[in-house]
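> When you line the sequence shown up against our numbering, it's residues 200 to 304, in that order.
No wet-lab data here; the hints were simulated from the structure.
Hints should not be assumed to be uniformly reliable.
Claimed, not checked - Simulated pairs of lysine to any residue, SDA-like, Cα-Cα distance not exceeding 20 Å:
id	residue 1	residue 2
1	K273	C232
2	K205	S289
3	K205	V293
4	K205	A226
5	K205	R254
6	K205	M277
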Amino acid sequence: MARPKKERVICAMPRFRDFSPTDQTGADTQVMCFDEYEVIRLHDLEHFSQEETARQMLISRPTVTELLASAHEKLARMLVNGARLELRGSSCVVCEIGKSCPKSA
């Protein structure tokens, strides 16, 4: 039996969840989970190291590496092939500042 997927902590739900090219003829859809989105936000936008990203999301650094690789591939397919990108839920919880949020520590 597979181990249950551990919940990942994200700081907020994405404001935008659907990205499409202007010309959608034949565009496939890439689905990015909220944890992949959060890894991209923390590592690429906020410039957290992989270790800092792992601490923030309460996951291991190897998991951060896997999520980054998956998210980068989906973004590349979107940009290069004109694919639609849709953000959807995953095993995530939104942190509460002052309670379980690593930011408050």
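> Keeping to a limit of 20 Å between CA atoms, is the pair of K205 and M277 held or broken?
Cα-Cα ~28 Å, so violated.
> Is the straight-line distance between the alpha-carbon of K273 and that of C232 20 Å or less?
holds (11 Å)
> Taken at face value, is the distance from the CA of R254 to the CA of K205 at most 20 Å?
holds (14 Å)
> Given the hinted pair K205 and S289, is their alpha-carbon gap at most 20 Å?
It holds: about 10 Å lies between the C-alpha atoms, which stays within 20 Å.
> Would the hint linking K205 and V293 be met if the CA-CA limit is 20 Å?
holds (14 Å)
> K205 and A226 were given as a pair; does the straight-line alpha-carbon distance stay at or below 20 Å?
Since the Cα atoms of K205 and A226 sit roughly 32 Å apart, the hinted pair is violated (cutoff 20 Å).
In summary, the structure is inconsistent with hints 4 and 6 from the numbered list given earlier, while agreeing with the others.
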